[in-house]
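A.B. asks: Sequences listed follow chains A and B, in order.
Every position in the first sequence, counted from 1, becomes a number in this note's numbering once 479 is added.
Every position in the second sequence, counted from 1, becomes a number in this note's numbering once 47 is added.
Think of the hints as simulated: they come from the structure by calculation, not from any bench.
Fair warning: there could be bad hints in the mix.
What the hints assert, rightly or not - In silico PhoX-like links for lysine-lysine, alpha-carbon gap of 25 Å or less: (1) A/K534 - B/K51; (2) B/K131 - B/K89; (3) B/K51 - A/K769; (4) A/K753 - B/K51; (5) B/K89 - B/K104; (6) B/K123 - B/K144; (7) A/K481 - A/K786; (8) A/K769 - A/K555; (9) B/K81 - B/K51.
Claimed, not checked - Now the stretches of chain B that chain A is said to cover, found in silico as 3 or more residues with beta-carbon under 8 Å: (10) 76-86; (11) 90-101; (12) 118-127; (13) 163-174.
Since the model is a prediction, treat every value here as computed from it, not as a measurement.
Ideal Cβ positions, reconstructed from N, Cα and C, are used throughout, including at glycine.
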Amino acid sequence: MKYAFSFLAVIALILIAGVGSQIAGMPYFFGVFVPYVAIAVFLVGFVYRVVQWAKSPVPFSIQTTCGQGKSLEFIKHNRLEAPDTTAEVVARMLLEIFTFRSLFRNTKSEIYDGPKITYESSKWLWLFGIVFHYSFLIVVIRHMRLFLNPVPEVVAFLDWADSMFEIGTPSMYMTTAGLIAGAALLFSRRLVNRHVRYISLANDYFPLVLIFAIGVTGALMRHFLRDGIDIVAIKQLAVGLVTFHPVIDGEIGAIFYIHVFLVASLLVYFPFSKLMHLGGVFLSPTRNMKNNSRAVRHTNPWNPDIKPHSYAGYEDEFREFMVDAGIPVEKELPAQKDEA
Amino acid sequence: MYNKGTIIPGLVIFIVFVTFPLWYNGLNAGTVPKPDLPIGQKECVAPAAEMRDNHMKLLNEWRDAVLREDDRVMVKVGGKEYRKGLQMACMQCHNDKEKFCDSCHTYAAVQPTCWDCHLTPKEAASKKETH
């Protein structure tokens with residue numbers, strides 16, 4: 480019932496904002512105070528998490544090698560799968576970040592009578608993931624039209640391109656559908672696939688349900704529950720927030736406050752959850768290290784500083800005791816003066 | 048902290064990116080659009096608040112009714128009758144596209160498709176002169 484908990488949590492958030500924003504004076508709480516707190520927690524929390532990661536030493540050279548490492552000249556080096564130089568690492572990282580290359584290798588295993596186990600490529604995760612993430616990115620950039628005054632050409636163009644099918648008025652965005660469908664598919668994958676369902680926790684379901692609810696409230700606000708959605712008043716508030724002079728002019732519909740509250744919840748939740756893979760993807764040692772452990776010695780930064788101690792030095796230190804104990808030495812003790 | 052040389056620039060880029068509206072606007076919210084209201088006519092087909100929120104839906108319904116269902120009836124606003132339509136009704140009072148429609152649409156970066164087919168009153172006037 481881990482997913483039921485996520486639904487309950489999101490419904491609670493919706494009720495808090497939906498009912499709360501209707502109390503006199505509370506629009507300022509939900510429209511001004513909550514967003515400021517959320518963005519502050521997001522930024523401070525994000526930096527804190529990255530700094531904590533950066534403080535952790537990497538004791539071993541642990542890149543994931545997916546191909547032939549650099550070796551002798553006649554052995555073909557796989558430059559992307561076992562990067563040897565910084566440029567190759569950067570290329571591998573860029574492909575990972577922009578195309579989710581490692582998800583493309585996702586496999587599923589099944590047991591048949593026999594018993595016999597089979598493995599087969601399963602690209603659904605990659606497909607849902609890429610639809611979801613790119614839709615989300617474009618949705619976020621599109622929202623800049625409400626925060627930037629005047630609106631840059633790029634944002635206006637993106638807005639136009641995203642709604643180029645002109646379905647309804649205001650016209651539907653492709654990425655709204657992509658975001659909602661992506662979240663729903665990633666969520667249902669966790670329910671349908673037994674293996675993934677077994678390892679799924681409430682903190683896997685919750686962000687998906689939350690983002691799904693953000694997408695749905697956004698679409699409802701744009702297309703269906705338009706009463707009280709005066710875009711000029713909303714932009715005035717949004718631009719006001721980023722210029723530190725927030726104004727709430729007139730009444731804005733409850734659906735707007737629900738949407739904003741859910742986004743604020745996401746921002747607050749972000750730094751303390753798996754969503755930190757936004758920063759983590761850059762910091763994963765299995766991807767960002769060079770596959771050059773044969774050529775360059777990887778030093779564990781937390782190793783204590785142990786100086787080398789050769790046998791000659793050891794004998795120098797303990798020669799007297801060794802001679803006393805009758806242990807053979809390579810270099811005899813210097814002749815004693817009083818015996819001479 | 049390890050790898051300061053990459054971590055710190057990375058975090059700086061991230062923060063600048065997230066707080067981009069701050070740098071772009073430069074703490075200047077700009078002016079909120081005040082569309083020019085028609086002189087003499089105080090009423091519209093619906094109350095002002097409803098028009099602000101839902102005018103685009105109404106226009107779409109009108110377009111479908113007039114063009115696809117051939118239903119160009121008369122609309123009565125403030126005692127005067129108009130033929131249903133953007134140019135025939137709405138723009139009889141809201142006769143300045145630039146000062147009425149565009150003021151908010153530019154502010155919110157909305158690009159309505161009305162003018163793909165319709166003429167603005169200014170364009171219509173210039174057409175009459177040439178023909």
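A.B. asks: Indicate, hint by hint, whether the structure satisfies it.
C.D. replies: Status of each hint after checking the structure:
{"no.": "1", "hint": "A/K534 - B/K51", "verdict": "holds, 10 Å"}
{"no.": "2", "hint": "B/K131 - B/K89", "verdict": "holds, 18 Å"}
{"no.": "3", "hint": "B/K51 - A/K769", "verdict": "holds, 18 Å"}
{"no.": "4", "hint": "A/K753 - B/K51", "verdict": "holds, 24 Å"}
{"no.": "5", "hint": "B/K89 - B/K104", "verdict": "holds, 22 Å"}
{"no.": "6", "hint": "B/K123 - B/K144", "verdict": "holds, 22 Å"}
{"no.": "7", "hint": "A/K481 - A/K786", "verdict": "violated, 54 Å"}
{"no.": "8", "hint": "A/K769 - A/K555", "verdict": "holds, 17 Å"}
{"no.": "9", "hint": "B/K81 - B/K51", "verdict": "violated, 50 Å"}
{"no.": "10", "hint": "76-86", "verdict": "holds (count 4)"}
{"no.": "11", "hint": "90-101", "verdict": "holds (count 5)"}
{"no.": "12", "hint": "118-127", "verdict": "violated (count 0)"}
{"no.": "13", "hint": "163-174", "verdict": "violated (count 0)"}
The structure is inconsistent with the numbered hints 7, 9, 12 and 13, although it conforms to all the rest.
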